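> Chains A and B are the protein sequences, given in the same order.
Everything in the first sequence is counted per our numbering, starting at 397 for the first residue and increasing by one.
Everything in the second sequence is counted per our numbering, starting at 6 for the first residue and increasing by one.
Since the hints were derived computationally from the structure, they do not count as laboratory data.
Watch out, some of these pointers could steer you wrong.
For the chain B half of the interface with chain A, some residues (derived, Cβ under 7 Å), not all of them [claimed, not checked]:
1) Tyr231
2) Tyr244
3) Ile249
4) Phe377
5) Val517
6) Met520
Derived pair list, reagent style DSBU-like, types lysine-lysine, alpha-carbon separation capped at 35 Å [unchecked claim]:
7) A:Lys434 <-> B:Lys235
8) A:Lys440 <-> B:Lys307
9) B:Lys663 <-> B:Lys593
All of these numbers come straight from a predicted model, not from anything done at the bench.
Just so you know, even glycine gets a beta-carbon here, dropped at the ideal spot from N, CA and C.
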Amino acid sequence: MYKQILRSIADVGVFGSISLILFFTVFCLVLIRVVTTKKSHIQKMSNLPLDNSMIN
Amino acid sequence: MNNTTVDTFYYNNKLVRDFAYATAFWGLIGMLVGLLAAFQLVYPELNFELPYTTFGRTRPLHTNAVIFAFVGNGIFMGVYYSLPRLLKTPMYSKKLGNIHFWGWQGIIVAAAVTLLLGMTTGKEYAELEWPIDIAITIIWVIFGANMMATILQRRESHLYVAIWFYIATWVTVAVLHIVNSMEIPVNLFKSYSVYAGVQDALVQWWYGHNAVAFFLTTPYLGLMYYFMPKAANRPVYSYRLSIIHFWALIFIYIWAGPHHLLYTALPDWAQSLGMAFSLMLIAPSWGGMLNGLLTLRGAWDKVRQDPVLKFMVVAVTAYGMATFEGPLMSIKAVNAISHYTDWTIAHVHIGTLGWNGFLTFGIMYWLFPRIFRTKLYSIKLANAHFWIGTMGILFYAVPLYWAGFTQSLMWKEFTEEGFLAYPNFLETVTQILPMYLMRAIGGSLYVVGLLIMLYNIYKTVKQGDFLEAEKAQAPPRALAHVHEADHWHRWIEKRPMQLLVASMFVILIGGVVEMVPTFLISSNVPTISTVKPYTPLELQGRDIYIAEGCYVCHSQMIRPFRDETERYGEFSKGGEFVYDHPFQWGSKRTGPDLHRIGGKYSDSWHYNHMLEPVSMSPGSIMPSYSWLIEDKLDTHTTAKKIRVMQQLGVPYPKGYDKIANNDLEAQAQAIAERLKKDNIEVEADREIIALIAYLQRLGTDIKKQPKEEDE
Numbered sequence: 397m398y399k400q401i402l403r404s405i406a407d408v409g410v411f412g413s414i415s416l417i418l419f420f421t422v423f424c425l426v427l428i429r430v431v432t433t434k435k436s437h438i439q440k441m442s443n444l445p446l447d448n449s450m451i452n
Numbered sequence: 006m007n008n009t010t011v012d013t014f015y016y017n018n019k020l021v022r023d024f025a026y027a028t029a030f031w032g033l034i035g036m037l038v039g040l041l042a043a044f045q046l047v048y049p050e051l052n053f054e055l056p057y058t059t060f061g062r063t064r065p066l067h068t069n070a071v072i073f074a075f076v077g078n079g080i081f082m083g084v085y086y087s088l089p090r091l092l093k094t095p096m097y098s099k100k101l102g103n104i105h106f107w108g109w110q111g112i113i114v115a116a117a118v119t120l121l122l123g124m125t126t127g128k129e130y131a132e133l134e135w136p137i138d139i140a141i142t143i144i145w146v147i148f149g150a151n152m153m154a155t156i157l158q159r160r161e162s163h164l165y166v167a168i169w170f171y172i173a174t175w176v177t178v179a180v181l182h183i184v185n186s187m188e189i190p191v192n193l194f195k196s197y198s199v200y201a202g203v204q205d206a207l208v209q210w211w212y213g214h215n216a217v218a219f220f221l222t223t224p225y226l227g228l229m230y231y232f233m234p235k236a237a238n239r240p241v242y243s244y245r246l247s248i249i250h251f252w253a254l255i256f257i258y259i260w261a262g263p264h265h266l267l268y269t270a271l272p273d274w275a276q277s278l279g280m281a282f283s284l285m286l287i288a289p290s291w292g293g294m295l296n297g298l299l300t301l302r303g304a305w306d307k308v309r310q311d312p313v314l315k316f317m318v319v320a321v322t323a324y325g326m327a328t329f330e331g332p333l334m335s336i337k338a339v340n341a342i343s344h345y346t347d348w349t350i351a352h353v354h355i356g357t358l359g360w361n362g363f364l365t366f367g368i369m370y371w372l373f374p375r376i377f378r379t380k381l382y383s384i385k386l387a388n389a390h391f392w393i394g395t396m397g398i399l400f401y402a403v404p405l406y407w408a409g410f411t412q413s414l415m416w417k418e419f420t421e422e423g424f425l426a427y428p429n430f431l432e433t434v435t436q437i438l439p440m441y442l443m444r445a446i447g448g449s450l451y452v453v454g455l456l457i458m459l460y461n462i463y464k465t466v467k468q469g470d471f472l473e474a475e476k477a478q479a480p481p482r483a484l485a486h487v488h489e490a491d492h493w494h495r496w497i498e499k500r501p502m503q504l505l506v507a508s509m510f511v512i513l514i515g516g517v518v519e520m521v522p523t524f525l526i527s528s529n530v531p532t533i534s535t536v537k538p539y540t541p542l543e544l545q546g547r548d549i550y551i552a553e554g555c556y557v558c559h560s561q562m563i564r565p566f567r568d569e570t571e572r573y574g575e576f577s578k579g580g581e582f583v584y585d586h587p588f589q590w591g592s593k594r595t596g597p598d599l600h601r602i603g604g605k606y607s608d609s610w611h612y613n614h615m616l617e618p619v620s621m622s623p624g625s626i627m628p629s630y631s632w633l634i635e636d637k638l639d640t641h642t643t644a645k646k647i648r649v650m651q652q653l654g655v656p657y658p659k660g661y662d663k664i665a666n667n668d669l670e671a672q673a674q675a676i677a678e679r680l681k682k683d684n685i686e687v688e689a690d691r692e693i694i695a696l697i698a699y700l701q702r703l704g705t706d707i708k709k710q711p712k713e714e715d716e
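Let's have the full structure, built from the sequences with the hints guiding it.
In structure tokens:
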């Protein structure tokens, strides 16, 4: 039955390739952006949870 | 810039506290029900011969309670605490917050009642019937609206990564819930999934897997990224890593669903895709785990003293273990062994008891002293909880792994002559009962730990002084803006709506690529010509099967392995399920597969077995279903059920709804007469008759005209 389903949509294997290529692209974009972010900004971001504005 | 301008405002701790109480309360309830279910598997008497308390209903109640009530309230507790503080603004609306709180608790109560009454869609972790599904949607939207409005009125222009996780969680859960809950009502308490068979399975496990991903994982990762730095008083090890963790995780997770359906009738390419993406999941998950653990670098002396950090360390370690094991179990060769066994149950409990449970406990121990302006009542008790809880997890998981391996090996073992070594399924069950008992004891330990925590928190609350409105100051947003060149990441960090849309886009790609082909081909799934719609009586019987939760113990999906075809018969074909709204493939074989049960036994065997399983199968742990013999089948619903099925494309002849009950009665009469020949006196209008009709039909259609169109 698998084969019948597979035959019924042309080139089903292409879905696998599309998904992997998509993921790879997104991943690379994120990676480039993250690596090129300035250190000062990263530091500021990572300190956000600790930044205590509470007064009491 | 004028630094003297600061806004003064107040964080509201009331909702945080209430969600925390709800987390504790439902956690206890959910886990006690889990204990009951665990003991029921060892001592079937504990099913109490009542419909409401059989394993088929307690198990869904347990899973729903711990996922949506315990972890759900835990998420809201953490979000309502961390979100305002990260954004330096109170939550947008107290009123929406209150509606959210009470709405969610109301849903939980409704869920508990309806599940015990047997009102269920029969789809795991999505069992709730359509009115509750709608209520969940409304409350979820209210939660999201409150969250987004809070984000929009923030004073901190940058969104910390925890908030990204919250936003992605919100979007994805909304999409999952809506797509998987597509159903057509028969009446207020009953509906049929619009999808059937293979498609229903694909949608369901796309949902089921991502419920784990986006309800039990991503929101808790958000909590980890906030509360762990808080508790350790140091920033996260690598913020860069956390961003990669985020995007990689939400991108990959959504594809992995089909790993729940390996070797089933799901198309091969979808299985392979699920396996590939599941394996890739190891990378971001371990990145996240290491990021959490390394946050504590140089603070291990603190970990030794602070129970909060101890709980968090075990939680994150459990996250790492579960996310290593998950991909492993997605490898087809491993899955062939692990699927349908207790290995899966052990796996999820590493995740839930370790990751969700311990992170929740850590956060609570940290949170309560703060919002009650006091110290934790007893560090000693918290440490005791930690150790008992950890032992509980080990005593829970290790025996179950053992049980899983043992049973799987027994299922697959052949004698030298080429026969199944354990042809009687029950033998493989009784073999692992001691392990089931140990598991139940492990679970009890875990609950004892929880009780200790509840006492400790009660005392802390008693000695404390609740701080309802917590004063805070921050510069208004316009002033807080420091102008830097806008980068892409900052573009995202500053634009929550874009983040929401981007994450929705990312998760939709996965869903669409997997599901669209499966739906497109639906029309050309080679319907096996001998597979016909259920008769009205069988349809009613099927609904009893669903209501009694037989699917939590029985699968209806024979995989193409020699041991399975030997044990159960011809392996299952996708075309056999085209009229199954919903599908009932199941995920766990506590009892044997039932897909080819039709014709295996006589009607009277089934009658006696349902009335008293041990009479036919000595030592069986299947509950007794004696009420099915007393309860009359409700045939008022037949016509409507047929019409809904017709709407869904099931080819009953036009106008069949009006005469369906005639056929139903005739078939029931025939079964009652056959039973009479075996000296069993039972009225033809009882539920048991319908159930027997359904069981006898299961998997028989392809035998009628062997080997036609299927491969």
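> Each of the hints needs a verdict: does it hold here or not?
To see whether the hints hold, each was checked on the structure:
no.	hint	in the structure
1	Tyr231	5 Å, holds
2	Tyr244	4 Å, holds
3	Ile249	6 Å, holds
4	Phe377	13 Å, violated
5	Val517	10 Å, violated
6	Met520	11 Å, violated
7	A:Lys434 <-> B:Lys235	24 Å, holds
8	A:Lys440 <-> B:Lys307	24 Å, holds
9	B:Lys663 <-> B:Lys593	38 Å, violated
Hint compliance for this structure: hints 4, 5, 6 and 9 are broken, all remaining hints hold.
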